[in-house]
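A.B. asks: My numbering applies: residue 1 is where the sequence shown begins, and numbers increase by one.
Some hints here could point you the wrong way.
Unchecked claim - Below, a list of computed lysine-lysine pairs in the DSS-like style, where the Cα atoms sit at most 25 Å apart: (1) 99 - 117; (2) 99 - 131; (3) 35 - 131; (4) 133 - 93; (5) 133 - 117; (6) 93 - 117; (7) 104 - 93; (8) 121 - 99; (9) 121 - 108; (10) 121 - 104; (11) 121 - 133; (12) 133 - 99; (13) 117 - 104; (14) 93 - 131; (15) 131 - 121; (16) 133 - 35; (17) 121 - 93.
Said to hold, decoys possible - Derived Cβ-Cβ restraints for the label pairs, each shown as a range: (18) 48 - 129: 34 to 44 Å; (19) 28 - 118: 32 to 42 Å; (20) 33 - 129: 36 to 46 Å; (21) 23 - 135: 31 to 41 Å; (22) 35 - 129: 35 to 45 Å.
If you're looking for bench data, these hints aren't it; they were derived computationally from the structure. These figures come from a predicted structure and were not determined experimentally. For glycine and all other residues, C-beta sits at the position ideal for the given N, C-alpha and C.
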Amino acid sequence: MAVAGLLADARSLADIAREEASNFRSNFGYNIPLKHLADRVAMYVHAYTLYSAVRPFGCSFMLGSYSVNDGAQLYMIDPSGVSYGYWGCAIGKARQAAKTEIEKLQMKEMTCRDIVKEVAKIIYIVHDEVKDKAFELELSWDYRHEPPCPVTK
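Given these sequences and hints, build the entire structure.
C.D. replies: Below, the structure is given as structure tokens:
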């Protein structure tokens, strides 16, 4: 899960996602598919846009997953409660510049390891040294679950 926006809202939505996944597993006996989880959380976020008594959530977030059956999946949920699946997506301050860089990549021909390296390059490309604070980028990789072939089937 990656988040941009109000972190308190993000923590609340992370708890909702955890609860949805736990309830699904206890009811059906297997892990929740990512599309189903994204749709459930998106419905919850959308409900907060319908009534004036509650404040809408002030964050966008991405959910990612990899499974042997479904391959790699990435979903983005925006504050209006809309959920879409993507090959590559960006949220936050420099999202347009990052999306432009992502569109240049040939995602279908890359392995997950290659994509992680490209993501790090994109983060450094879109960082504005004049306006933005200095940052350190730390990435980790769980290579035990790396698919032997490109991300797509």
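A.B. asks: Are the hints correct? Go through all of them and say.
C.D. replies: Okay, the hints, checked on the actual structure:
1. Between the alpha carbons of residue 99 and residue 117 the distance comes to roughly 16 Å, so the proposed pair stays at or under 25 Å and holds.
2. Restraint check for residue 99 and residue 131: the C-alpha separation of about 20 Å stays at or below 25 Å, so the hint holds.
3. Restraint check for residue 35 and residue 131: not satisfied, since their Cα atoms lie roughly 36 Å apart, outside the 25 Å limit.
4. Pair hint residue 133 plus residue 93 holds up; C-alpha atoms about 12 Å apart against a cutoff of 25 Å.
5. Between residue 133 and residue 117 the CA atoms are separated by roughly 22 Å; this keeps the pair inside 25 Å, and the hint holds.
6. For a cut-off of 25 Å, the pair hint linking residue 93 to residue 117 stands: about 21 Å separates their Cα positions.
7. Taken as a hint, the residue 104 and residue 93 pair is honoured in the structure, with Cα atoms around 20 Å apart against an allowance of 25 Å.
8. With a CA separation close to 13 Å, the supplied pair residue 121 and residue 99 stays within the 25 Å bound.
9. Between residue 121 and residue 108 the CA atoms are separated by roughly 18 Å; this keeps the pair inside 25 Å, and the hint holds.
10. Pair hint residue 121 plus residue 104 holds up; C-alpha atoms about 13 Å apart against a cutoff of 25 Å.
11. Our distance criterion of 25 Å between C-alpha atoms is met by residue 121 and residue 133, whose separation comes to about 17 Å.
12. Taken as a hint, the residue 133 and residue 99 pair is honoured in the structure, with Cα atoms around 21 Å apart against an allowance of 25 Å.
13. Proposed proximity of residue 117 and residue 104 is supported: the alpha carbons are some 14 Å apart, at most 25 Å.
14. Among the hinted pairs, residue 93 with residue 131 is consistent with the structure: their alpha-carbon atoms are about 11 Å apart, no more than 25 Å.
15. Taking the CA atoms of residue 131 and residue 121, the gap is near 19 Å; set against the 25 Å cutoff, the hint holds.
16. Between residue 133 and residue 35 the CA atoms are separated by roughly 35 Å; this puts the pair beyond 25 Å, and the hint is violated.
17. For the hint linking residue 121 to residue 93, the alpha-carbon distance of about 16 Å falls within 25 Å, and the restraint holds.
18. With their beta carbons about 36 Å apart, residue 48 and residue 129 fall inside the hinted range of 34 to 44 Å.
19. In this structure, residue 28 and residue 118 meet the distance hint of 32 to 42 Å, their C-beta atoms being roughly 36 Å apart.
20. Look at residue 33 against residue 129: about 41 Å separates their beta carbons, and that is inside 36 to 46 Å.
21. A hinted range of 31 to 41 Å for the beta carbons of residue 23 and residue 135 is consistent with their spacing of about 37 Å.
22. The hinted window of 35 to 45 Å between residue 35 and residue 129 holds, with their beta carbons roughly 38 Å apart.
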